[in-house]
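Enquirer: Given the sequences, and given the hints that come with them, work out the whole structure.
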Amino acid sequence: GFLSQLAGRLPIVTALHELSPEHLYRILQAEGNILRQYIQQIATATGTSVDFEDAALRGIAERTHKMGTGARGLVTVIEGILQPLMFELPQHSDLGQIIIRKNYLDDPRDIPQNVLKERYVAKYAEAYKTVHDVTLRFEDEALRAFPFDMKKPHGLNDLLTQKLKDLPDALRLTGEKEFTVTPEFLA
Numbered sequence: 601g602f603l604s605q606l607a608g609r610l611p612i613v614t615a616l617h618e619l620s621p622e623h624l625y626r627i628l629q630a631e632g633n634i635l636r637q638y639i640q641q642i643a644t645a646t647g648t649s650v651d652f653e654d655a656a657l658r659g660i661a662e663r664t665h666k667m668g669t670g671a672r673g674l675v676t677v678i679e680g681i682l683q684p685l686m687f688e689l690p691q692h693s694d695l696g697q698i699i700i701r702k703n704y705l706d707d708p709r710d711i712p713q714n715v716l717k718e719r720y721v722a723k724y725a726e727a728y729k730t731v732h733d734v735t736l737r738f739e740d741e742a743l744r745a746f747p748f749d750m751k752k753p754h755g756l757n758d759l760l761t762q763k764l765k766d767l768p769d770a771l772r773l774t775g776e777k778e779f780t781v782t783p784e785f786l787a
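Under our numbering, think of the first position of the sequence shown as 601, with each following residue one higher.
Honestly, I wouldn't trust all of these hints.
Cut-off 20 Å, straight-line C-alpha distance, at most; resulting in silico cross-link-like pairs (DMTMM-like, lysine to aspartate or glutamate) [to be verified]:
| id | residue 1 | residue 2 |
| --- | --- | --- |
| 1 | K723 | D707 |
| 2 | K729 | E739 |
| 3 | K723 | D706 |
| 4 | K765 | E784 |
| 5 | K763 | D706 |
| 6 | K763 | E776 |
| 7 | K777 | D710 |
| 8 | K723 | D758 |
| 9 | K765 | E739 |
These are calculated hints, taken from the structure and not from any lab test.
Expert: Structural data, given as structure tokens:
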């Protein structure tokens with residue numbers, strides 16, 4: 601009411617210290633902050649749950665610090681990251697939880713594609729474990745090496761099936777129950 605109106609009209613000038621990346625990171629970590637509420641609104645709009653890896657939050661803090669806009673810049677950076685999700689992912693309502701990783705920050709336009717790719721690879725790995733009793737793990741670089749078309753995501757299944765067709769027999773000979781897929785394996 602009255603006090604906020606009065607305070608807004610007083611010509612008070614003060615110097616503030618620049619927020620460090622660590623300060624910005626702590627703002628992002630704080631429970632109940634407005635940014636978390638904003639992220640949840642976007643998540644609700646896309647029908648998913650959105651969370652950030654710790655490394656991604658640190659990356660956001662670093663980017664915001666480089667912009668020199670203080671805590672207000674956090675909203676700008678987060679909007680830039682989440683905007684592609686809002687436009688691309690509503691048509692894929694079965695995603696559940698989306699985890700934003702640090703490597704996604706390099707090109708936010710690729711986030712929907714990366715999220716879908718990870719989801720399809722995880723589903724493939726689950727089915728592979730059920731059929732062959734082999735746990736597949738994928739290196740991040742191997743995931744990036746996959747060609748992936750959001751309009752034809754099942755092409756990824758065909759590629760993996762072709763590349764991994766002889767793996768169960770080879771692992772039976774060694775007695776191994778886990779295999780890590782590397783970029784070299786996929787080449």
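Enquirer: Each hint should be assessed against the structure and marked as holding or not.
Expert: Quick rundown of the hints versus the structure:
{"no.": "1", "hint": "K723 x D707", "result": "25 Å, violated"}
{"no.": "2", "hint": "K729 x E739", "result": "17 Å, holds"}
{"no.": "3", "hint": "K723 x D706", "result": "25 Å, violated"}
{"no.": "4", "hint": "K765 x E784", "result": "16 Å, holds"}
{"no.": "5", "hint": "K763 x D706", "result": "29 Å, violated"}
{"no.": "6", "hint": "K763 x E776", "result": "18 Å, holds"}
{"no.": "7", "hint": "K777 x D710", "result": "33 Å, violated"}
{"no.": "8", "hint": "K723 x D758", "result": "13 Å, holds"}
{"no.": "9", "hint": "K765 x E739", "result": "19 Å, holds"}
Checked against the numbered hints listed earlier, the structure breaks hints 1, 3, 5 and 7; every other hint is satisfied.
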